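Assemble the whole structure, with the sequences as input and the hints as a guide.
Sequence lines, in order, name chains A, B, C and D. Mapping of the first sequence onto our numbering: position 270 corresponds to residue 270, and the numbering continues sequentially without gaps. Mapping of the second sequence onto our numbering: position 253 corresponds to residue 253, and the numbering continues sequentially without gaps. Mapping of the third sequence onto our numbering: position 165 corresponds to residue 165, and the numbering continues sequentially without gaps. Mapping of the fourth sequence onto our numbering: position 112 corresponds to residue 112, and the numbering continues sequentially without gaps.
It cannot be assumed that every hint is accurate.
Copies of the same chain look alike in the list, so a pair counts if it works inside one copy or between any two.
Said to hold, decoys possible - SDA-like mimics (lysine to any residue), calculated; alpha carbons at most 25 Å apart, straight line:
1) Lys303 / Glu225
2) Lys288 / Ser104
3) Lys303 / Met83
4) Lys184 / Ala35
Bear in mind the hints are in silico, worked out from the structure with no lab data behind them. Just so it is clear, the structure is predicted and the values come from calculations on it, not from any experiment.
There are 4 protein chains.
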Amino acid sequence: MEYKPVSELQRILACLPEAITDAFNQGQPANYIPALAEVDPKRFGMAVSTVDGEDFTAGDAREMFSIQSISKVFSLSLAISHMGEELFQRVGVEPSGTSFNSLSQLEYENGIPRNPFINAGAIVVADALLEYVSSPKQDFLSFVRGLSDNIDIHYDESVFRSEFDNGQRNTALANYLKSFGNLKNHVSRVLDFYFYQCSLSMSCLDLARAFRFLAQDGRHPFRNESVVSRLQARRINSLMMTCGTYDEAGEFAFHVGLPCKSGVGGGIVAIIPGKMSICVWSPELGAKGNSLPGMRALEYFVKQSGHSVF
Amino acid sequence: MEYKPVSELQRILACLPEAITDAFNQGQPANYIPALAEVDPKRFGMAVSTVDGEDFTAGDAREMFSIQSISKVFSLSLAISHMGEELFQRVGVEPSGTSFNSLSQLEYENGIPRNPFINAGAIVVADALLEYVSSPKQDFLSFVRGLSDNIDIHYDESVFRSEFDNGQRNTALANYLKSFGNLKNHVSRVLDFYFYQCSLSMSCLDLARAFRFLAQDGRHPFRNESVVSRLQARRINSLMMTCGTYDEAGEFAFHVGLPCKSGVGGGIVAIIPGKMSICVWSPELGAKGNSLPGMRALEYFVKQSGHSVF
Amino acid sequence: MEYKPVSELQRILACLPEAITDAFNQGQPANYIPALAEVDPKRFGMAVSTVDGEDFTAGDAREMFSIQSISKVFSLSLAISHMGEELFQRVGVEPSGTSFNSLSQLEYENGIPRNPFINAGAIVVADALLEYVSSPKQDFLSFVRGLSDNIDIHYDESVFRSEFDNGQRNTALANYLKSFGNLKNHVSRVLDFYFYQCSLSMSCLDLARAFRFLAQDGRHPFRNESVVSRLQARRINSLMMTCGTYDEAGEFAFHVGLPCKSGVGGGIVAIIPGKMSICVWSPELGAKGNSLPGMRALEYFVKQSGHSVF
Amino acid sequence: MEYKPVSELQRILACLPEAITDAFNQGQPANYIPALAEVDPKRFGMAVSTVDGEDFTAGDAREMFSIQSISKVFSLSLAISHMGEELFQRVGVEPSGTSFNSLSQLEYENGIPRNPFINAGAIVVADALLEYVSSPKQDFLSFVRGLSDNIDIHYDESVFRSEFDNGQRNTALANYLKSFGNLKNHVSRVLDFYFYQCSLSMSCLDLARAFRFLAQDGRHPFRNESVVSRLQARRINSLMMTCGTYDEAGEFAFHVGLPCKSGVGGGIVAIIPGKMSICVWSPELGAKGNSLPGMRALEYFVKQSGHSVF
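Put into structure tokens, the structure is as follows:
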């Protein structure tokens with residue numbers, strides 16, 4: 001498996017999305033939130049950020065979109081940087097086999113979510129984080145802005161409000177976790193923080209840059225410091241591989257073969273350890289909630305660049 | 001099966017609780033709410049109210065206690081009187097096979113609670129009632145006071161607050177129901193009403209009187225009117241038989257053989273259709289949440305009076 | 001609730017099935033076994049056997065049909081007569097809330113079936129019986145013949161073979177029970193016995209007579225002996241009330257209000273404790289597996305005769 | 001991530017098992033089969049087979065042991081070589097989230113096993129294979145012998161018989177699959193073949209060699225042919241990563257970071273795509289059924305050689 005020179009990356013990106021035209025018109029943008037449903041379904045952007053500090057982009061790579069569940073990696077990383085493996089006494093590290101917002105699994109396993117990328121797990125992570133940050137939203141935003149080297153990242157007020165208005169199932173999950181003693185803060189405070197995280201708007205370029213620390217053993221992409229340790233970066237990457245794409249992790253491991261995390265806003269980030277981080281965005285989702293053009297683009301990219309781990 | 005003359009009833013009651021002394025010290029009062037945990041576990045009261053209008057009592061039959069889930073029969077009756085069978089489009093009529101506060105069943109059955117006596121079902125009933133009553137709490141209280149012919153019935157403020165403070169699982173259930181579209185009002189409004197119902201304090205005598213309408217084809221015990229129709233009374237009685245005592249309905253059907261409804265405050269009501277209504281109270285609960293001395297007392301009463309339906 | 005004189009019974013039966021004509025053409029005969037699917041769906045029979053020893057019949061009351069799950073009451077009665085309450089260490093007495101052939105419940109409850117009327121429970125009962133009978137099939141047949149006072153009762157060879165050929169789910173259940181240690185005999189021996197029981201052919205009159213012991217405190221209908229004790233008869237009746245009609249026990253308790261047991265052959269038996277036993281048969285089943293005309297006929301009978309327990 | 005020269009491999013292996021002494025005495029050999037329980041728990045062997053055709057060994061690498069679930073990769077590979085992706089209409093490719101022998105998942109998903117590495121999935125694969133091989137056991141054995149270049153590989157008669165004697169849960173699974181129509185052959189024929197596969201005895205060296213085709217894009221280790229296509233090899237590797245180690249795939253992805261498949265005989269195989277295949281064996285299992293010393297040895301090997309994919 002010979003790797004193509006970096007100069008090839010721009011060429012590969014340039015062929016997208018033409019190379020994957022048949023992946024469009026197959027899915028539907030998320031419609032549970034008006035702000036997501038209104039996005040033009042034909043948008044497509046992609047960005048790559050290498051460990052050498054070079055960025056490559058294609059299409060709408062600078063367009064802001066709602067990161068949704070991709071935020072779960074930021075909160076997990078921040079929590080792990082504070083607490084280390086202790087976090088995993090409150091949330092597991094195994095695939096769930098049930099849908100991302102299932103309550104049944106919690107019932108059978110006494111309030112311990114299967115992993116930090118299902119909603120229940122991310123809500124526990126948000127609760128854990130509240131113990132370590134003084135101004136949660138501000139600190140979280142600063143963390144993400146620092147990783148992206150972009151102070152123009154904001155949260156989307158209308159998305160945030162919609163999350164609240166449509167968030168009954170997450171409210172159910174949070175109260176259920178509370179009933180098991182696995183939330184320490186007030187449910188409303190935890191959800192306020194959790195929904196805030198989901199409603200950040202970022203571009204493919206922002207996300208590709210922000211995730212680069214996972215491609216370079218935890219080192220910050222723009223500062224001379226570590227975001228997480230080398231081992232912690234590996235923990236996060238392995239969780240993305242086994243649990244990062246909802247109930248479709250098996251298909252992603254096969255077709256893409258990289259640690260990935262997706263969001264219902266249509267974004268997907270992927271990590272090539274030691275080499276680069278990637279973000280693709282296109283709003284049309286498949287039945288499992290992952291961007292169909294995005295998945296296809298990653299598959300194409302991996303095939304052309306020879307970068308699958310398998 | 002010859003029935004003993006009514007004059008025998010007082011004699012049977014007089015033998016209680018001596019006849020069931022070995023049923024004490026076997027269980028524990030409910031402890032999830034301080035107000036319940038503080039009750040003297042040795043209290044025992046019983047009352048019978050016949051369709052002829054006679055009342056018989058034993059022990060602490062005039063002592064007020066927290067009716068808890070027994071309130072579910074009042075709210076169901078009130079809802080049925082307004083909506084009839086239409087209510088059962090939103091809540092089922094079958095035993096659940098899972099614990100009274102389970103969320104899993106809802107997940108597999110798309111937000112339709114199995115019956116109105118599990119918490120999820122009673123929350124749906126509370127929501128349905130809100131459509132028909134202008135001053136929910138006041139109207140509910142008036143309804144119960146009228147059935148008991150006792151204007152000194154009140155709700156217990158400390159119990160009500162405790163329900164709220166410890167009500168995360170019910171909050172989870174309510175939000176989950178809302179996410180399926182099976183609550184029409186705001187979750188907090190529904191829960192406020194639901195917790196209010198649970199926190200009423202009544203005596204055995206109050207409850208025996210209040211339930212008499214179910215022993216006399218729906219006719220009000222003290223007014224010349226019907227609370228529910230004859231068929232509706234039968235619906236409620238049959239639900240009490242199959243679903244009225246949490247996950248122990250099978251044992252109750254065998255040992256008591258009457259429609260019953262229990263509450264974790266230690267109260268149990270039972271109906272002998274066409275004859276009388278009964279209420280027993282004693283705080284020590286068994287593993288399934290039913291009063292152990294209460295269950296034993298009903299078994300003794302049925303045996304002595306010859307009133308099982310089987 | 002005044003009871004009509006027994007002489008009325010024949011008059012009520014005579015009005016059936018005309019009184020329930022609109023209950024036909026609503027369902028489907030069982031089709032998983034050819035022998036069941038081939039039965040004329042318009043057949044209807046009914047029989048009543050009173051504790052005074054009188055029998056009343058209507059329609060095809062002497063026509064033989066496949067008793068299927070109704071046999072579960074015979075095997076339960078026989079097992080209880082040998083073992084008493086000890087049997088209930090291996091099988092529960094509560095409604096299951098899941099379908100009659102579910103395996104999931106067993107998984108969560110470590111191989112203890114919820115009650116003896118779901119298939120898993122009946123298979124455990126068959127296994128338990130094998131410890132007490134020397135010639136299982138012969139002894140079982142003799143027991144049923146004795147209860148019916150009819151030596152012409154036989155099992156149906158073609159039904160028996162079909163049960164085996166289509167019995168994968170029951171084979172799965174039996175092996176699963178075995179894996180939990182809740183079967184003591186070879187799976188094939190237990191299933192051979194279990195399928196045999198299900199494949200008995202009997203008429204409404206046979207069944208009404210055979211079930212009379214449950215209406216008369218366990219006393220044999222034709223011999224001066226007890227089939228089961230008074231308390232055991234009550235246990236069986238209460239189980240029929242809460243668990244006897246698959247996932248429709250709640251509806252039966254409401255519409256019929258009597259202990260019932262149904263089979264997918266279209267038969268339903270019902271008990272009026274202290275008075276009589278009833279059997280109705282008509283092959284068209286509703287969605288839950290109970291005969292629709294049969295259920296309606298029982299409802300009509302109860303209404304006309306004033307015999308509901310509620 | 002610099003890779004150590006191949007000459008380093010022998011040095012790393014030489015340090016094992018001394019480097020992992022504290023991983024012993026923590027677990028228990030499998031005890032459901034006498035033949036497994038009798039193995040000396042202190043045995044430890046490891047073998048590496050590189051794509052250059054070099055083999056490296058340590059400890060008891062030539063000792064035969066029961067491969068158990070490792071056989072699932074052989075049958076999957078053989079089935080895929082015959083049917084390709086068509087196989088995945090009958091078995092999924094996603095982690096199950098439930099234990100390896102769960103029946104509940106099948107109930108909720110209508111008889112489609114979640115993946116080919118849980119027992120239900122492997123039984124479906126065995127059934128599918130029966131359509132393509134004329135002498136199933138012989139062909140399977142020849143396939144494995146060819147991959148290992150060792151004609152002395154045999155199945156263990158006593159293990160095979162024990163599998164049958166203790167195989168009630170697998171028999172339950174097979175019958176359940178049959179009831180959903182997801183087995184085409186007789187249950188006994190499928191299980192006979194499935195248990196045969198599990199009861200093969202092989203050494204670490206045999207397995208390391210036999211799995212080398214998955215490290216070299218599907219090419220046979222000893223013949224000028226393809227076992228499976230490049231894409232099929234990737235499918236198998238990705239399934240091993242997400243589902244290969246029972247309910248511990250998440251921990252393996254983190255600690256080992258390679259596609260792995262384990263068996264309760266204490267063996268674990270791992271693939272480093274493009275480089276080598278590895279097999280380690282030691283009988284003491286952890287709570288999830290994976291060899292504790294084996295898992296630790298792989299972690300050590302990956303750390304020393306720099307070969308994690310993350």
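Status of the hints after comparison with the structure:
For a Cα distance limit of 25 Å, the shortest separation of Lys303 from Glu225 across copies, 23 Å, qualifies, whereas the shortest one inside one copy, 33 Å, does not. For the homomeric pair Lys288 and Ser104, the shortest alpha-carbon distances inside one copy (19 Å) and between copies (21 Å) are both at most 25 Å. For a Cα distance limit of 25 Å, the shortest separation of Lys303 from Met83 across copies, 24 Å, qualifies, whereas the shortest one inside one copy, 37 Å, does not. Proximity of Lys184 and Ala35 under a CA criterion of 25 Å is satisfied inter-copy only: 24 Å between copies versus 31 Å inside one chain copy.
Every hint, counting from the list given before, is met by this structure.
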